[in-house]
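Visitor: Sequence:
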Amino acid sequence: MLEVVDLSHTRYEDWVEFEALSQGLKALGITAETVQAIEQLSQLRLVMMWCLGIRNLPDLPQPHQLLLSNFLSSDNMSSSLQQLRIEYCETLEELIMEKGSETAGHGGDIVRRNWCLPKLEILKLMELKELKNISWSGLHPSAYFPTLSFLGVSYCNKLKNVTWVLKLEYLEHLELHACRQMERVIDDADEADAATDLAFPNLKRIRLSELPNLTVICRSESTFPSLELLDVRNCPALRGLPFNSETPTNKLRIWGDPDWWGRLEWQDGDLESSLQPCFVRI
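Numbering-wise (our numbering), the sequence shown opens with residue 17 and increments by one.
Because the hints were derived from the structure by calculation, they are not lab data.
Backbone N, C-alpha and C define an ideal beta-carbon position, used for all residues, glycine too.
Honestly, I wouldn't trust all of these hints.
[To be verified] List time: in silico PhoX-like cross-link candidates among lysine-lysine, alpha-carbon distance up to 25 Å:
#1 Lys-145 with Lys-174
#2 Lys-140 with Lys-183
#3 Lys-174 with Lys-148
[As the list claims (entries may be wrong)] Each pair of labels, with its calculated beta carbon distance range:
#4 Thr-107 with Pro-134: 54 to 60 Å
#5 Gln-292 with Glu-185: 17 to 23 Å
#6 Gln-197 with Asn-266: 35 to 41 Å
#7 Ala-43 with Gly-256: 39 to 45 Å
#8 Pro-134 with Gly-256: 35 to 41 Å
Construct the entire structure; sequences and hints are all you get.
Guide: Here it is as structure tokens:
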């Protein structure tokens, strides 16, 4: 009996067929290109959504904003979704994470719409060329994505930072690619709010590529206790690293171009000496 179907990289949209398979189908991966398609998917009550791609959305009620909780509040999405990809939404300027609202259920009871994605592990934001802001309304990022381990952001040319990743305590892999206006991974204005928290306790890999305006990862030095790889490619304006004297170096590898490494500016000569053996030319 067919239990898992992954059509997330296709344009298949025959939802009726999934209803016929719903008694045996345990996990579905698919891409939706309209708001109507997402609404139809949310009505497949017996099919658990494992991987969802959201693409284009020409029928967005507010073409410059996407309120994620409005689309992923049904049980078959919010309770089972493990991978989410949002891409090619040409007019999207703001991605809003909101906890949802309370509505009256049967018997007058108040029912809170689902807003947490408790099993989401992978989030990819791709080709959102007008995206300027990812905002959080009434909730903490770690409450919305309590198990997120991979975040990939690529070709989001107007996005200047992803400061909110500081709040993702289980994040293991951060990948930023071809975001041409990104200046800092963590914005200084928001760092003070997170200063009491241990930044990136589980982060193992950071990959930064084709970020021509990136000047710093984060200005405050951090320990990065679990980091194994920092991969930097074609980030010519990046002149400093965010590590401190307590950063473990026994497993750390720093991949980069020798010319870039030679242009780095060091405030601490001892730190430079301790990190030199970690550098691997590419």
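Visitor: Does each hint fit the structure? Answer for all of them.
Guide: Taking the hints in turn, this is what the structure says about them:
no.	hint	result
1	Lys-145 with Lys-174	holds, 6 Å
2	Lys-140 with Lys-183	holds, 17 Å
3	Lys-174 with Lys-148	holds, 5 Å
4	Thr-107 with Pro-134: 54 to 60 Å	violated, 30 Å
5	Gln-292 with Glu-185: 17 to 23 Å	violated, 30 Å
6	Gln-197 with Asn-266: 35 to 41 Å	holds, 36 Å
7	Ala-43 with Gly-256: 39 to 45 Å	holds, 44 Å
8	Pro-134 with Gly-256: 35 to 41 Å	holds, 37 Å
The structure does not agree with the numbered hints 4 and 5 stated previously, though it agrees with the rest.
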